[in-house]
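Same order as they appear, the protein sequences are chains S and G. Numbering-wise (our numbering), the first sequence opens with residue 5 and increments by one. Numbering-wise (our numbering), the second sequence opens with residue 146 and increments by one.
Among the hints, erroneous ones may be present.
To be verified - The list that follows gives simulated cross-link-like pairs (lysine-lysine, BS3-like), each with its CA atoms no further than 30 Å apart:
hint, chain 1, residue 1, chain 2, residue 2
1, S, Lys-272, S, Lys-91
2, G, Lys-233, S, Lys-142
3, S, Lys-142, S, Lys-252
4, S, Lys-84, S, Lys-272
5, G, Lys-425, S, Lys-116
6, S, Lys-142, S, Lys-84
7, S, Lys-302, S, Lys-91
8, G, Lys-425, S, Lys-196
9, S, Lys-272, G, Lys-233
10, S, Lys-142, G, Lys-216
11, S, Lys-252, S, Lys-84
12, S, Lys-142, G, Lys-226
13, G, Lys-425, G, Lys-233
14, G, Lys-233, S, Lys-252
15, S, Lys-142, S, Lys-91
16, G, Lys-216, S, Lys-252
17, S, Lys-302, S, Lys-196
18, S, Lys-252, G, Lys-226
19, G, Lys-226, S, Lys-272
20, S, Lys-299, S, Lys-196
Stated by the list, open to error - Pulled from the structure, derived: some chain G residues nowhere near chain S, Cβ distances all over 12 Å:
hint, residue
21, Asp-213
22, Asp-221
23, Ile-324
24, Pro-325
Just so you know, these hints were derived from the structure itself, not from any lab. Beta carbons: idealized from backbone N, C-alpha and C, even for Gly.
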Amino acid sequence: MSLQQKASRALLSRGAKKLDSGRIGFLYVLPWLLGFLFFKLYPFASSLYYSFTDMHLFNGISRWGFFNFENIFTSGQIIKSFTVTFKYVLVTVPLKLVTALFIAYILNFRIKGVTYFRTGYYVPSILGGSVAIAVLWKALFRNEGLVNAMLAVLGIKGPSWLSDPQYALFIISLLRIWQFGSSMVIFLAALKGVPEDLYEASTIDGATSRRQFFSITLPLISPVIFYNLVTQLVQAFQEFNGPYIITKGGPLNSTRLVSMIIYDQGIKNYKMGLSSALAWVLFIILMLLTLVAFKSQKHWVYYSDEMQGRGKK
Amino acid sequence: MTTAVKPRRRNNRRLLSTIIRYFVLIAVGIVMIYPLLWMVSSTFKNNNEIFSGVHLIPREPTLNGYRDAMKSYGGDIDLWKSMFNTYKIVLPKVLFTVISVTLTAYGFGRFRFKGHAFLFSILMSTLFLPQVVLNVPQFLMFTRLGWVDSPWYIPLILPTLFATETYFVFMLIQFMRSIPRELDEASRIDGCNSLQTLTKVIVPMLSPAMVSVALFQFMWSSNDFMGPLLYVNTPARYPATIYVKLSMDADTGFEWNRVLAVSLISIIPSLVVFFMAQSKFVDGISAGALKG
Numbered sequence: 005m006s007l008q009q010k011a012s013r014a015l016l017s018r019g020a021k022k023l024d025s026g027r028i029g030f031l032y033v034l035p036w037l038l039g040f041l042f043f044k045l046y047p048f049a050s051s052l053y054y055s056f057t058d059m060h061l062f063n064g065i066s067r068w069g070f071f072n073f074e075n076i077f078t079s080g081q082i083i084k085s086f087t088v089t090f091k092y093v094l095v096t097v098p099l100k101l102v103t104a105l106f107i108a109y110i111l112n113f114r115i116k117g118v119t120y121f122r123t124g125y126y127v128p129s130i131l132g133g134s135v136a137i138a139v140l141w142k143a144l145f146r147n148e149g150l151v152n153a154m155l156a157v158l159g160i161k162g163p164s165w166l167s168d169p170q171y172a173l174f175i176i177s178l179l180r181i182w183q184f185g186s187s188m189v190i191f192l193a194a195l196k197g198v199p200e201d202l203y204e205a206s207t208i209d210g211a212t213s214r215r216q217f218f219s220i221t222l223p224l225i226s227p228v229i230f231y232n233l234v235t236q237l238v239q240a241f242q243e244f245n246g247p248y249i250i251t252k253g254g255p256l257n258s259t260r261l262v263s264m265i266i267y268d269q270g271i272k273n274y275k276m277g278l279s280s281a282l283a284w285v286l287f288i289i290l291m292l293l294t295l296v297a298f299k300s301q302k303h304w305v306y307y308s309d310e311m312q313g314r315g316k317k
Numbered sequence: 146m147t148t149a150v151k152p153r154r155r156n157n158r159r160l161l162s163t164i165i166r167y168f169v170l171i172a173v174g175i176v177m178i179y180p181l182l183w184m185v186s187s188t189f190k191n192n193n194e195i196f197s198g199v200h201l202i203p204r205e206p207t208l209n210g211y212r213d214a215m216k217s218y219g220g221d222i223d224l225w226k227s228m229f230n231t232y233k234i235v236l237p238k239v240l241f242t243v244i245s246v247t248l249t250a251y252g253f254g255r256f257r258f259k260g261h262a263f264l265f266s267i268l269m270s271t272l273f274l275p276q277v278v279l280n281v282p283q284f285l286m287f288t289r290l291g292w293v294d295s296p297w298y299i300p301l302i303l304p305t306l307f308a309t310e311t312y313f314v315f316m317l318i319q320f321m322r323s324i325p326r327e328l329d330e331a332s333r334i335d336g337c338n339s340l341q342t343l344t345k346v347i348v349p350m351l352s353p354a355m356v357s358v359a360l361f362q363f364m365w366s367s368n369d370f371m372g373p374l375l376y377v378n379t380p381a382r383y384p385a386t387i388y389v390k391l392s393m394d395a396d397t398g399f400e401w402n403r404v405l406a407v408s409l410i411s412i413i414p415s416l417v418v419f420f421m422a423q424s425k426f427v428d429g430i431s432a433g434a435l436k437g
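Make a model of the complete structure from these sequences and hints.
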């Protein structure tokens, strides 16, 4: 290659690089940016505004103030719905994650037929969000449903799961816990990434497998635990389909999550102001929790580049 | 002596723990899958038989559930129409999502423009923006625009043209990182413009990830209940999720074989797609989370 050719090539590629840093890239993200402004930022900002008004779908706004929030913190039904939501999240998220991690841990041993098990466990996650499965859930937990029929075989008289305020919320949680498959798949991939030699070295040092799990496995997959925790929290706080379809919020409002009140007030009763305020309170709680999770990261989440850095020191 | 005993004891323990592992896996597997099998078997039972025991094989197999599932409620909608409506929504959504998300990921992944870092941080923060805050104001906005109950399902489909599902953008950016940039540069030198580089170099290598995006969007949109609940009012336009909910409300306590048959038929396309492409789902879900 002659010098001239080389030079022109270098020039060309520099030209291309200039193009890279130029406007073309912006053009590619422009549709997303417009979508963000129109479908996300504007609704997001306007709902903050509406939350300080009595916005009504047909009557518009007649007054401004903090009354929606006063309403929220004084209404027994709304406070109860927040309590119910917290209960729901506190039961669903830990149980789902622990189950997912436990099963992924077992699958990570050289198990024959891993793919079959993995597929089988994953099916509920794929279908679980559908209305069809909510219908099935109702059939399973009816008074004379499959679960009570099974208990009857064992000589136990099962309770009326869905009409007893004591159990109904747990049955709704169970529908989500049953869908642990997607978290499990993520855990499994992370477990596969833990270097084998770490286990071998610690076995030689006489570490028990329990010790290995807590001192090697858990720290090394902690970024993924963190990811799963945050995504599951966000999802659980917004749960709607399960209680809406299976229990309609009953019995005695024991499954009426905040998302259902937001829907009822905003879409059914056209009270957009109150509904926006509710959504914002839920959003702020969720943000605070996410923030706490992010801040707490440095105490329990280990990122591998950070570890390498430490090693070098 | 001791050296001879120890390995055997260790082998026994290993065997025991292997047995326990399989036992747990199978037991959990049954809990996971039995309800689904029971659902399938119930669609072939009489209504008296469904709740009469835990058995799977119907004593008197019948197709009544399916026969009744075909009946409409005397309204403008039946199971087939509602499923047709579902895919009228799902297919454009899948297509638009794959295109818009790929373009956006390309823009963020391969170019450094003014405001790149800022826009990227916005993109990331929308990952954590819960839909529940957006529902009511979006409903208001779409109502004012006259899009609610549109025969073309505008509120459900149109946003996907604008890469609104940022999770997918994020996933593709992660995948794109593993495609060597030298390939882009080589194609530029060969005289390709940036769009040709995308279609001729990036897309062929990115296509497994794009398939994952399409599959997830297919599943999620087929299962979507909240969207149609908000934006579809005319019964003739109901998708399957709404139809299934209605048929359950109408029938509870009487015709469970029909209700379960309706439910089962409505998820068969999703099941077929899942079993044809299950490894893609697994790859997609772990890659999106892990490379981040």
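Hint by hint, here is what the structure shows:
1. S/Lys-272 x S/Lys-91: It holds: about 25 Å lies between the C-alpha atoms, which stays within 30 Å.
2. G/Lys-233 x S/Lys-142: 29 Å, holds
3. S/Lys-142 x S/Lys-252: 11 Å, holds
4. S/Lys-84 x S/Lys-272: Roughly 20 Å separates the two Cα atoms, so the pair holds.
5. G/Lys-425 x S/Lys-116: With a Cα-Cα distance of about 21 Å, the restraint between G/Lys-425 and S/Lys-116 holds, given a limit of 30 Å.
6. S/Lys-142 x S/Lys-84: Distance ~24 Å between S/Lys-142 and S/Lys-84 Cα, so the pair holds.
7. S/Lys-302 x S/Lys-91: Holds, because 27 Å separates the two Cα atoms, which is no more than 30 Å.
8. G/Lys-425 x S/Lys-196: With a Cα-Cα distance of about 18 Å, the restraint between G/Lys-425 and S/Lys-196 holds, given a limit of 30 Å.
9. S/Lys-272 x G/Lys-233: 26 Å, holds
10. S/Lys-142 x G/Lys-216: The hint holds at about 22 Å.
11. S/Lys-252 x S/Lys-84: Given pair S/Lys-252, S/Lys-84 holds - Cα atoms ~16 Å apart, limit 30 Å.
12. S/Lys-142 x G/Lys-226: Between S/Lys-142 and G/Lys-226 the Cα gap is close to 25 Å, so the pair holds against 30 Å.
13. G/Lys-425 x G/Lys-233: 24 Å, holds
14. G/Lys-233 x S/Lys-252: 29 Å, holds
15. S/Lys-142 x S/Lys-91: 21 Å, holds
16. G/Lys-216 x S/Lys-252: The hint holds at about 26 Å.
17. S/Lys-302 x S/Lys-196: 23 Å, holds
18. S/Lys-252 x G/Lys-226: 26 Å, holds
19. G/Lys-226 x S/Lys-272: It holds: about 26 Å lies between the C-alpha atoms, which stays within 30 Å.
20. S/Lys-299 x S/Lys-196: 27 Å, holds
21. Asp-213: Label holds. Min Cβ-Cβ 15 Å, cutoff 12 Å.
22. Asp-221: With a cut-off of 12 Å, G/Asp-221 remains clear of chain S, as the shortest Cβ separation is near 20 Å.
23. Ile-324: Label holds. Min Cβ-Cβ 15 Å, cutoff 12 Å.
24. Pro-325: Non-interface label stands for G/Pro-325: nearest chain S Cβ at 15 Å, farther than 12 Å.
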